[in-house]
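Residues per chain, in single letters:
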Amino acid sequence: MADIFDRINNRLRGKVKRGIAGIWQDEHQLVAAAKKVRGEGFRKFEAISPFPLHGIDEAMGIPRSFIPYVTFTFGLMGCLFGLWFTWWTSAVDWPLVIGGKPFWSLPAFIPIIFELTILFSALSSVGTLLYVCGLPKVDPPVIDKDLTSHKFALFIPEDDVGFDADKIEKLFKECGAEEVKRSEF
Amino acid sequence: MIKRDALVLGNKTYKDISDDICRLVETVPGGKYFSLLFSAKALFILYIVTMGMIVATGMGLMGVNSPVGWGTDIITFVFWIGIGHAGTLISAILFLFRQKWRTSIARSAEAMTIFAVMVAGTFPILHTGRPWLAYWLLPYPNQRGPLWVNFRSPLLWDVFAVSTYATVSLIFWYIGMVPDLATLRDRAKHKLRRAIYGMLSLGWRGTARNWNHYEMVYMLLAGLATPLVLSVHSIVSFDFAVAQLPGWHTTIFPPYFVAGAIFSGFGMVVTLMVILRELIPGFKDYVTIHHMENMNKIIMATGLMVGYSYGSEFFMAWYSGAPFEEYVFLNRAFGPYAWAYWIMVSCNVIIPQTFWFKWARRSIPIMFIVSIFVNIGMWFERYVIVVTSLHRDFLPSSWGMFELTKYDIGALVGSFGMFFFLFLLYIRTLPAISIAEVKPVLSIGREREEHHG
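Top line first, the protein sequences correspond to chains A and B. Residue numbering for the first sequence follows the numbering used here, beginning at 7 and increasing consecutively. Residue numbering for the second sequence follows the numbering used here, beginning at 41 and increasing consecutively.
Note that these hints are calculated values from the structure, not bench results. Using N, Cα and C, we set each Cβ at its ideal position, and we do this for glycine too. It is possible that some hints are incorrect.
In silico DMTMM-like pairs for lysine to aspartate or glutamate, Cα to Cα no more than 20 Å straight-line [said to hold, decoys possible]:
1. B:55 with A:150
2. A:151 with B:333
3. B:231 with A:152
4. A:173 with A:185
5. A:151 with A:9
6. A:176 with A:46
Per the computed footprint, the stretches of chain B lying under chain A, defined by three or more beta-carbons under 8 Å from a beta-carbon of chain A, are [stated by the list, open to error]:
7. 197–208
8. 219–225
9. 248–260
10. 270–279
11. 469–482
Could you build all of it, start to finish, from the sequences and the hints given here?
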């Protein structure tokens with residue numbers, strides 16, 4: 007029993023890794039540090055910040071999000087579903103003459119089709135966001151409580167290529183980190 | 041170079057912003073807040089009781105009759121849906137236009153949208169007369185055939201438009217709030233508070249990879265909400281425009297309704313922001329007089345559009361040469377409901393003209409009074425559209441009059457109680473200003489050195 011609870015717990019917490027974290031007070035120093043860390047050959051490191059940082063994507067080599075393609079695909083599906091559904095219910099399943107209009111009165115169905123397009127696009131975008139971010143997570147480890155307020159951090163996990171605790175600590179200190187510590191994330 | 045106005049006053053640091061905004065959630069509010077909350081709650085109870093009596097007894101308690109079959113319920117439904125539109129305009133359209141000043145008011149404006157749509161939603165359900173059967177409006181496989189809903193009806197378009205609008209607004213609001221809820225979680229001292237905000241924050245930690253997707257989704261939602269909000273009030277206007285009734289059957293209705301919705305919504309945002317600035321003095325650093333002035337400019341611009349629509353309707357009534365159309369408009373301005381028409385014109389067209397003057401745009405008492413008048417005027421606009429068109433149509437033998445009963449007034453006044461009660465609860469339980477969005481705009485209008493020092 008206890009084993010099952012542990013497994014569920016681990017799953018909800020997400021994949022927890024051990025590694026080294028450096029904490030900064032200034033976001034510009036953090037972006038510069040991220041660039042350096044990437045230059046050293048690290049690939050699996052993370053930058054944690056209370057708000058989206060300007061230039062961090064380039065510094066860390068994060069590609070543009072693919073979510074718009076998902077949105078478009080689902081939007082198209084919503085549109086086609088609306089088209090099919092209004093046609094099937096009004097012209098096939100139980101055709102009724104209403105106001106002398108044709109069974110398949112497309113212009114009158116456009117508002118419904120439009121709303122379904124928007125609904126499918128919006129819900130799929132948010133669903134994809136939660137999926138790719140691994141949310142919701144239950145009580146995931148937090149490096150520092152101020153990282154959602156006014157501090158910024160880099161975290162290099164132990165399984166990253168060329169992980170060397172002393173070297174990383176020195177690198178972080180050189181880049182102006184106010185604190186370097188071993189941590190879970 | 042033209043200097044930009046600072047968006048946040050008082051030389052704040054990032055930590056100050058977190059402290060200022062989270063403090064509202066973390067402290068016990070004062071007596072002023074509770075007296076407002078309980079007054080709103082009293083009105084909310086009045087609303088519940090009124091609705092209960094109407095449901096128990098029947099629609100006869102309200103003023104609706106033949107020929108005025110649409111009364112307070114539909115008027116107030118359109119009124120509240122319209123209020124909601126300003127929130128989406130601020131949060132989505134101004135976001136796409138990169139208007140940075142929107143950041144500090146966006147959260148509360150979106151909250152206003154959601155509560156206004158919730159209040160609005162209760163009215164058509166009440167208007168059905170048998171609200172326990174309201175689920176018949178949804179196209180679900182049923183045992184009556186299945187008999188499907190009539191997709192050709194604007195009233196059904198409304199069901200889809202309003203429910204999609206409510207859903208998308210809610211997720212837009214919530215997704216925007218997730219990083220701020222994480223801030224609250226990490227600051228929480230009490231275990232229970234940590235658990236609640238931890239759940240609400242979905243375990244957000246703000247990694248760069250997550251922010252990358254997050255910002256993209258936020259932009260996508262803004263891009264989706266923009267056509268959505270325009271469609272919602274267009275569809276609400278179709279409820280009228282698709283009918284054959286003189287005074288309703290006009291092509292100008294969709295843009296006219298959308299402009300009116302934004303106008304009334306900004307009126308409500310200004311009312312709420314003035315109250316918030318009074319209630320919570322710390323807000324004045326974030327919602328500055330500059331923000332208020334910008335909103336007043338939008339009120340004036342949309343007020344002019346609404347005024348133009350009023351004029352255009354009259355012109356078309358004359359120019360079309362349709363005698364019924366012409367009669368309806370003369371009857372509006374000079375008939376038995378002329379008082380309502382002229383309240384509408386003075387509140388929506390004449391009074392907002394004070395905002396041509398900069399001192400008026402920047403004066404809190406003046407903007408508060410004008411915003412109240414805008415709210416009143418926009419309720420009367422819907423009153424005029426619904427009642428004056430219905431009460432006298434083609435055959436004089438089927439003419440009639442419409443009078444508000446005490447149940448109509450109870451529902452109307454009570455709905456404000458529901459709205460303010462929800463809004464006041466929100467203001468002290470959720471981050472009322474977007475913490476994560478205000479921080480990146482902190483440096484605007486400031487010297488760079490000052491910001492770093």
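Right, here's what the structure says about each hint:
1. B:55 with A:150: 14 Å, holds
2. A:151 with B:333: The given pair, whose Cα atoms are some 37 Å apart, is violated under the 20 Å limit.
3. B:231 with A:152: Holds: residue 231 (chain B) and residue 152 (chain A) sit about 18 Å apart, inside 20 Å.
4. A:173 with A:185: Roughly 15 Å between the alpha carbons, so the hint for residue 173 (chain A) and residue 185 (chain A) holds.
5. A:151 with A:9: Distance of about 30 Å is beyond 20 Å: violated.
6. A:176 with A:46: 13 Å, holds
7. 197–208: Per the Cβ count (6), the hint holds.
8. 219–225: holds (count 4)
9. 248–260: Three-residue rule met by the segment 248–260 of chain B, so holds; n is 11.
10. 270–279: holds (count 3)
11. 469–482: holds (count 5)
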